[in-house]
Structures are given as structure tokens and as C-alpha cells.
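Work the whole structure out from these sequences, hints included.
Now for the letters of each chain:
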Amino acid sequence: MDSNVSQSFSELKRGEYFTTVISHIMVSLMMGCVSISLVQLAERIFTEWSGNYLTILVVFISAERILTHSMVEKLDQEPKVLYHSAEWVTIAAGLRLFLFSRDPTGNLFERLSELHLNLSILFTGEYISVLIVLLMAWLFSGSFVRDLEELRLDKLDLSWELGILENRRQVAREAIINRILVLGIFMVFFGVLTRVDIQSLFGPYEALQAPVINILVYFIFALILFSQTQFNVLRGRWMWNKIPISQSMGRKWLLNGVIFLGIILLLAYLLPTRYTFGLLDLVRVIVSTGISIVLFISALLAIPFGWLLSLIPNSRTIQEPLESTDLPPIIPQPVYSTPNPTLQLIQTILFWSFFIGLVIFSVIYYFRINAQSVNSLRIGEMIKSVKGFITQLFTWFHGRALIIKNMVSSVYKYLINVMVKSPGASKLVFPNFNRLNSNQKIIFFYMRFLDRARASGIPRKPHQTPSQFTSTIDQALPDLSPELAKFTGAFQLARYSNHASTPEESAHVIVLWNKIVRSLKEAGKQDANRE
Amino acid sequence: MAFRIAGEMTSTLLIFIIVISIIGSFTLDSFVFHVVYLIAGTFLIGRWWTNYSISSLRVTRSVNSHAFLGEKLFAQVTIENPTILPVPWVQVRESLPLEISSSKLIQRSFTLGPRSRVSVDYTLIPQKRGYYPLGPIQLSSGDLMGLSSEVERICPSSYLTVYPRILPLKSVRIPSRSPLGILRHHQPVYEDPSRPMGKREYSPGDSLRRIDWKSTAATSHLQVKLHEPSINIETVLVLNLDQDDYHHKSLYDASELAITITASLAHWITEKRQSVGLISNGLDTMGINHRIDPIQSRKGRTNLMQILEVLARITFGRDLSITALIRHYRPRLSWGNSLIVVTGHCGTELLDELYQAQKSGINIMLLLVGQIQAMKELERKADVLNIPVYHILDERDLEKWIAT
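Residue numbers (my numbering), protein chains in the order written: chain A, 3 to 533; chain B, 32 to 435.
Heads up, some of the hints might be wrong.
Stated by the list, open to error - Which residues of chain A face chain B? A few of them, derived with a C-beta cut under 10 Å, are:
#: 1; residue: Arg175
#: 2; residue: Ile187
#: 3; residue: Phe191
#: 4; residue: Leu218
#: 5; residue: Leu225
#: 6; residue: Leu263
#: 7; residue: Ile265
#: 8; residue: Leu272
#: 9; residue: Leu311
#: 10; residue: Val388
As the list claims (entries may be wrong) - Partial pick of chain A residues on the chain B-facing surface, computed with a CB cut under 10 Å:
#: 11; residue: Asn180
#: 12; residue: Leu183
#: 13; residue: Phe233
#: 14; residue: Ile245
#: 15; residue: Pro246
#: 16; residue: Ser250
#: 17; residue: Lys254
#: 18; residue: Asn258
#: 19; residue: Leu273
#: 20; residue: Phe353
By construction, these hints were calculated from the structure, which means they are not laboratory data.
Every residue, glycine too, gets a C-beta built ideally from N, C-alpha and C.
See below:
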């Protein structure tokens with residue numbers, strides 16, 4: 003059970019100090035990550051230039067801005083302007099000296115001594131560019147730290163109305179997040195530019211395939227900053243409402259954040275980042291797989307009808323099953339070795355699912371937020387009617403599927419009732435008749451003869467042998483005694499001996515069978531008329 | 032039930048993810064998609080985690096559902112996380128009526144580990160009778176990064192019934208003609224053969240059945256057994272809570288006093304192991320159509336608690352007069368029952384109805400509460416009809432009445 007002892011204001015401030023330090027460090031490091039992208043882009047354009055020092059300078063300027071912010075804010079307007087001017091003169095001078103010291107062509111003192119002759123050597127291209135970058139870093143860091151200060155707890159905040167205080171803090175936090183995301187977009191863009199071969203823009207410069215780990219690190223730092231600022235906002239709200247907070251909240255917040263971030267990073271690493279098939283190819287594969295499944299089910303359902311049709315003489319043999327569709331050939335990947343095609347397919351499906359899902363989510367979200375505009379365009383009605391049509395279509399398909407299912411089930415039940423449940427009935431078999439040999443055909447027709455006899459009111463008793471049953475039938479059909487004897491004899495030969503019947507014998511048995519069945523029918527009709 | 036509070040971050044993030052995805056689609060560079068997965072995954076998983084966590088939380092409130100005035104109640108709200116996922120933060124808010132708690136709002140914020148629980152304890156001291164909702168408990172939570180909106184969940188309230196004040200009555204002369212009870216009575220007509228009191232010498236006129244032969248043999252004089260008289264009280268309390276029957280100046284005080292008197296009488300009668308029932312024209316929030324069902328005259332603590340529970344929740348009614356109520360209920364009363372009417376006003380109609388009831392063998396007692404107009408005239412009429420009337424103006428009068 004967690005302790006619910008509330009925190010005093012001083013304890014809250016201690017916890018907040020730790021959060022603030024982390025936030026400031028994150029901001030400085032994020033500025034450094036941005037500068038790495040800028041340096042990589044510049045090095046691609048100016049291949050002779052090496053700008054590794056810029057990252058360190060940016061981090062330093064950012065840290066300086068953050069650390070001096072609280073002191074500067076206490077100054078009035080005029081002293082503040084004076085201070086910033088002095089600050090920038092110092093930075094500019096320091097940067098100039100640093101660049102002079104790095105210049106391999108000349109010595110620092112020689113350069114300094116040339117100054118009185120020509121001041122223009124101060125303002126080289128590299129110097130001005132680096133100064134601009136440092137200025138941007140200084141400005142961004144200033145705006146970050148101003149917003150972070152807004153999120154800090156202050157006893158004076160208790161005098162504010164909660165609604166106003168909450169809004170100010172939320173606005174500050176949203177500003178931080180927006181700034182981070184915008185910078186992130188630029189970083190990604192710069193990163194892509196350093197890796198894409200755009201000769202038309204940059205001339206005959208080869209793509210560097212520069213490392214982009216700084217971009218990922220930037221976003222990791224960003225997420226940590228998001229987490230810390232969110233905690234600050236919540237803590238302020240609880241303090242204002244005098245809501246007791248558990249003492250271990252800060253520690254557990256950090257721990258949960260680290261674990262959560264770890265899981266997200268693992269997922270981001272594992273999920274596919276490229277696709278093997280194009281979207282249309284993938285759709286083609288999915289649709290053709292679906293059609294194959296439907297055809298397979300249809301083939302299964304058509305088996306009984308096929309068998310019935312095959313009983314008709316001169317019926318064709320059963321066709322070979324349809325060829326299964328193959329996956330389209332994998333697009334050759336020069337960099338990667340050819341992996342498992344199934345895995346590639348799964349990866350591609352995942353990738354496109356995410357992409358399409360994102361698009362659909364965005365569209366739905368957009369229409370939900372702009373419901374008024376949508377209604378005025380009557381798109382909502384269109385969507386409703388399309389939705390209605392799709393629902394009706396599905397209902398229709400579902401209905402047809404149910405009808406087919408019921409038909410098949412009733413036929414099956416009927417056959418079971420007729421064949422299995424009737425006493426003495428032989429089991430219903432659906433052979434492919436054309437594949438039966440002559441012996442099997444003779445046996446088949448004898449079994450059908452027994453079914454017909456039972457249906458005509460002359461069932462074979464279980465203890466009766468074929469000869470005994472023939473005597474019984476003789477009494478009903480005395481005119482067909484010879485045919486019956488031949489028919490039964492052929493069956494006995496086929497069933498109980500090693501004799502291999504010939505096709506002529508089986509054809510003759512069929513003729514006999516037809517005669518016997520006709521007579522049975524006539525005998526059945528006469529009995530019915532007599533009754 | 033959980034619902035989402037509107038947030039603005041979703042649109043900013045969506046724009047970011049879309050732009051980055053477009054860049055990635057054109058360039059097919061894998062690191063871009065890693066970034067998209069990182070940010071989109073944080074948003075989506077955080078959102079899912081929050082929804083799942085808050086809907087999985089088990090919230091229980093442990094507190095007695097009934098209490099007497101001034102009784103200290105210890106309440107505990109336990110929030111349990113049965114899942115393996117921790118809950119980064121939860122804010123609990125429980126609202127309480129001021130009549131039972133010194134603070135209107137109980138609030139806490141904490142974090143919940145996997146399969147852990149947190150308890151929030153507080154004390155209630157009811158100051159006024161009634162039926163009070165405790166809660167509802169509101170839970171709020173959100174994700175670690177604050178990228179998706181916070182989620183709230185509202186758990187249903189439970190209710191606390193605070194019984195009315197019960198004053199200890201020394202003795203109440205409730206008229207009764209039901210013989211063979213357990214209460215001692217002054218009238219010798221109600222001698223109870225199961226309660227022997229002594230013996231005396233035979234007087235002409237004594238029944239031969241009362242002769243004690245053993246003591247006669249011992250004393251050689253005829254001795255007769257003596258028995259203690261006793262009565263049985265079957266009482267129905269009638270509480271009038273028609274708002275129009277109370278003086279507007281003392282509407283609240285007089286009605287509460289009436290309820291207190293009714294509760295105290297019910298308690299006293301039950302303590303004497305007699306039967307007591309209740310009918311009223313007030314309203315009960317838990318009753319069918321908010322009406323109060325008559326409580327049958329029965330003995331025992333269970334019946335008393337049932338009466339007290341109704342008296343705890345009862346409020347003013349307006350559309351049923353006490354006279355009509357008594358007239359409707361009177362056929363169910365049998366000869367010898369006692370009817371104690373507690374009301375803020377007694378008009379001619381009510382007096383007539385009570386007289387009719389008395390004539391049919393029901394014992395009547397009339398308690399008038401609060402300011403009564405033309406009290407003397409009323410007392411005179413009641414005297415003529417032989418209906419005992421007591422007037423209790425306020426709590427001091429009640430204390431005097433209790434003391435006598």
C-alpha cells in the first residue's frame with residue numbers, strides 16, 4: 003500500500019528543482035542535436051568545411067542562456083538590453099578569436115595584427131553563418147526556458163484563479179511541444195537532404211548517407227522533456243487545489259517514464275520501415291488470395307453436383323484444381339540480401355496497414371473536428387448514404403451465404419435421413435463413378451438395387467444372402483427371374499471372388515439394373531392403384 | 032464509465048506525423064519511419080494505456096450504510112490496480128454532503144504500481160438525519176507524456192442513512208385496553224393469571240377458581256390468589272408531514288421535532304416489547320411513487336429499525352391529508368389498538384375522525400407540535416371528546432414532557 007502522506011511546499015520545490023535541471027539539460031542537448039543536422043547539411047554542401055566544433059558551441063550557448071535567464075529576468079528593461087548587447091559582443095568576439103585560432107593558414111597574432119589594416123577580415127562567411135546559428139540557438143533556448151519557468155511552482159500562484167493559471171501553464175507547455183515538433187520536422191528534412199541524391203539542387207555532390215542517430219536522440223530527449231513538463235503541470239494543479247500527493251510520485255514517474263520509453267524504442271526499432279511490394283501489388287496479392295479462397299469453397303460445394311453430373315454418360319472427367327496464384331516477384335534490393343518472402347509480405351502488410359490507418363485516422367479526425375464545414379458541404383450525408391449502401395451490400399451477401407448454407411445443410415440432412423437412418427440402408431457414398439473399376443461398379447449398382455427394392459416395399463432382411471433375397475424379389479417380379487439371377491450372380495462374382503469383371507460385364511449389369519428398377523417402379527405403381 | 036476531456040495536442044501531433052510520413056514516403060529512408068513510430072507509438076500506446084488503466088481500476092468504498100446522529104463513522108475508499116501495468120497518476124475526488132462531513136471534498140493524487148492498492152481514509156460525523164449520497168467518486172488519469180487528453184471515470188455513489196434523534200422517554204401513558212400484556216396497569220380489570228402477586232382472605236363474591244387450596248389447608252381459612260394486572264399495547268404512530276399543517280414560522284423546527292417525537296415513541300414502545308407501526312403522509316425518496324407504505328404494527332428491533340429508516344428519509348408531502356390517511360387506514364385497526372397522532376395542526380375534521388376512531392374502540396392520543404393556533408379551544412374540544420391532547424411547542428417542552 004502506497005503512503006498517502008502529503009508533500010509540503012518545500013518538498014515540492016525540491017522535487018521541482020530536480021525536474022527543472024533535467025529539463026534544462028534536455029533543452030541544451032536537443033539544441034546540440036539540431037546543430038549536428040545543420041553541420042551535416044553544411045558539410046555536404048561545403049565539402050572542405052569541417053564543423054564539428056559548432057555542436058559544442060551551440061550546447062554551450064544554450065546552457066549559458068538557460069543559466070543566466072533567471073538573473074536577467076530580474077533586471078529592468080534598459081539594463082536587460084545593455085546586458086544582452088554586452089553578452090553578444092562577448093560571444094561574437096570570443097567566436098572570432100576561436101575561429102582565428104582554428105585557422106591553419108595563419109597564426110592568431112598575425113591575424114590580430116592585420117585587423118587595423120582591414121576590418122573586413124573579421125566577417126568571413128563561416129563566421130557570420132556560425133554566429134547566425136548561435137543566435138538561433140540562443141533565441142530558441144531563451145523561449146524554451148521562458149516557457150519552462152512558467153511551469154514552475156510559485157507561492158504567488160495560489161492567488162491566481164485556477165482556470166487562468168491552468169490555461170497559462172497549458173499554453174506554455176503546448177508552445178514547448180510545438181517548438182520541439184517544428185524543429186523536429188526541420189531536422190528530419192535536413193537529415194533526408196544529406197542522404198538523398200538530389201543532384202539538381204546541390205550539384206554533383208554524392209549523397210553522404212550521414213548518420214542520423216542525432217535525430218532519434220533528439221526525439222528521445224523531446225519525450226523526456228514532455229514527460230517532465232507534464233509532471234510539472236500536474237504538480238502545480240495539485241498544489242493549487244491543495245491535493246495531497248504521495249511522496250514516491252516523482253521517483254515512480256521517472257521510473258515509469260524510462261520503462262515506457264524503452265518499450266516505445268523497442269517497438270520503433272522492430273516495426274518495418276520499408277516495404278517490398280507497392281501498394282497496388284499488395285492489393286492485387288490480397289484480392290487474388292481472397293478469390294482463391296472463394297473458389298476453393300465453391301469447388302468444395304460443387305463436388306456433389308459434379309458427381310451427379312458425372313453419372314450422366316459421356317460426362318467429362320473431373321477437372322484438375324485451379325492453379326494457385328503465385329506472389330509477384332520480389333523487387334531486387336541491391337543493399338539487402340533476399341530474405342524470406344513470407345516475412346517480407348508480412349512486413350509490407352504491416353507497413354501499409356500503418357500508413358493507410360494513419361491516413362484514415364487523420365481524415366476521420368479532420369471531419370470530426372470540422373463537423374460544421376462537413377455538414378455544410380453535405381459530405382456527411384454522402385458518407386451516410388455510402389455507408390448505408392455498403393451495409394446493404396454486406397447484408398445481401400450475408401443473406402445469400404445463409405441461404406446457401408441452409409440449402410447444403412438441408413440436402414445433407416435429407417440424405418442422412420434417407421440413407422443412414424433407414425433400416426438396412428446402405429451408407430451413402432459419393433464416389434467418382436468414372437474412377438471405379440468394373441467390380442466396384444457392379445457392387446455399386448447392386449447396392450442401389452437394394453435401396454430401390456426397399457423403397458418399393460421389398461426390403462432385404464439382414465440375415466438374407468443375395469440368393470435368398472433374389473428368391474424374395476422373384477415372387478414380386480416373376481417375369482424378371484433370369485435377369486435377377488444374372489444380376490445377383492454378377493454381384494456375387496464381383497464381391498466375393500477374385501474374378502476381375504470386364505467393362506462389358508459391368509455395362510451389361512447396368513442394363514439389367516435399369517430393367518429391374520423399371521419393373522420395381524411399375525410393380526410399386528400397381529400396388530398403389532390396387533390400394 | 033470513462034469519458035475523454037477535450038485536448039488540443041492531437042491535431043498538432045497528427046500534422047507532425049503526417050508531414051514526416053510524407054517525407055518518408057517520398058524518400059523511403061528508414062530513419063524517418065523510426066521517428067514516426069516513436070512519436071505515433073508514444074501517442075497511441077499512451078492513450079490506450081490510460082484508457083485501459085482507468086477502466087481496470089477497482090474502486091470500493093467501505094462504510095456503514097446506517098448511522099445515528101453524532102456517531103463517528105470511519106470510511107475507506109480503496110482503489111486497486113489488478114493489472115500488471117502501472118498507473119502513472121490517478122487523482123481521486125470524493126464529494127460529501129456538509130451535513131455529514133466537515134470537508135465537502137476528499138481529494139488525493141497518487142501513483143499505482145502493478146497489482147497494488149491505495150486506500151483513502153476519512154471520517155464522517157452525521158449532524159442531521161437524512162439520506163445522503165456519498166460520492167460519486169471521480170477518478171482522473173492521463174499518460175506520462177501528456178500527449179493525449181486526460182480521462183475521467185465516475186464511480187457510482189453509495190448512500191448513508193442517518194437515523195433521527197431518539198430521546199429517552201421515562202414513561203408514556205399510552206392508553207390501551209388490550210389485556211394480558213406485559214406492561215403493568217393500574218386497572219384491576221386486566222389481571223393477568225400468569226403474574227401472581229400474593230394472597231388474601233376470601234371475601235364473599237370471590238370466584239371459587241381463585242381459591243388457593245394449599246394455603247387454605249395451611250391456614251384453615253379460605254385464601255384467594257391475587258394477580259398483577261397487565262396490558263398489551265398495539266400502537267400505530269401517525270406522523271403528519273403535510274407542509275400546510277405546520278406554522279410557517281416553525282415549519283422546519285416543528286417538523287423535525289415531530290419526527291424526533293415519533294422516533295422516540297417508537298423506540299420506547301419497542302423497548303417495552305410492544306408492537307408499534309407507522310403511517311405517514313410524508314414522502315420517501317426510496318418508496319414507490321415516493322409514497323410511504325404503512326409499516327405494520329409488530330414487535331422487535333427489526334420493525335423499529337424499519338421505522339427509523341423511514342423516518343430518516345422522510346420529507347414533507349403535500350397532496351394527502353392526515354384525516355384521509357387515518358380514515359383509509361382505520362379499518363385495519365382492531366379494537367384496543369392505540370393510535371398516537373403527531374401533527375402540527377388539528378382541525379375539526381381531524382378531531383371528528385379521531386372521535387370516530389375512539390368510538391370504534393381505538394385508543395387515541397394526540398400530540399401537537401410547534402405553534403398551534405387556538406390551542407385552548409382545541410383542548411376544550413378534545414376534552415369534551417375525551418381525547419388526550421399534549422402540546423409540545425419546542426425542544427424545552429419536549430424535555431419537560433419526557434421528564435414527567
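Each hint, compared with the structure:
1. Arg175: holds (7 Å)
2. Ile187: holds (6 Å)
3. Phe191: holds (7 Å)
4. Leu218: holds (6 Å)
5. Leu225: Cβ of leucine 225 of chain A sits 6 Å from chain B, so the hint holds.
6. Leu263: For leucine 263 of chain A, the interface hint holds, since the closest Cβ of chain B sits about 8 Å away, which is under 10 Å.
7. Ile265: holds (8 Å)
8. Leu272: With a minimum Cβ separation of about 9 Å from chain B (threshold 10 Å), the hint on leucine 272 of chain A holds.
9. Leu311: violated (53 Å)
10. Val388: violated (24 Å)
11. Asn180: holds (6 Å)
12. Leu183: Status holds, d = 5 Å.
13. Phe233: holds (8 Å)
14. Ile245: Hint on isoleucine 245 of chain A: holds, closest Cβ of chain B at ~4 Å, below 10 Å.
15. Pro246: holds (6 Å)
16. Ser250: holds (7 Å)
17. Lys254: Lysine 254 of chain A check passes; min Cβ-Cβ to chain B is 5 Å, inside 10 Å.
18. Asn258: Holds, because the Cβ-Cβ distance from asparagine 258 of chain A to chain B comes to roughly 5 Å (cut-off 10 Å).
19. Leu273: Nearest chain B Cβ about 5 Å off; hint holds.
20. Phe353: holds (8 Å)
When the structure is compared with the earlier hints, violations turn up for hints 9 and 10 and for no others.
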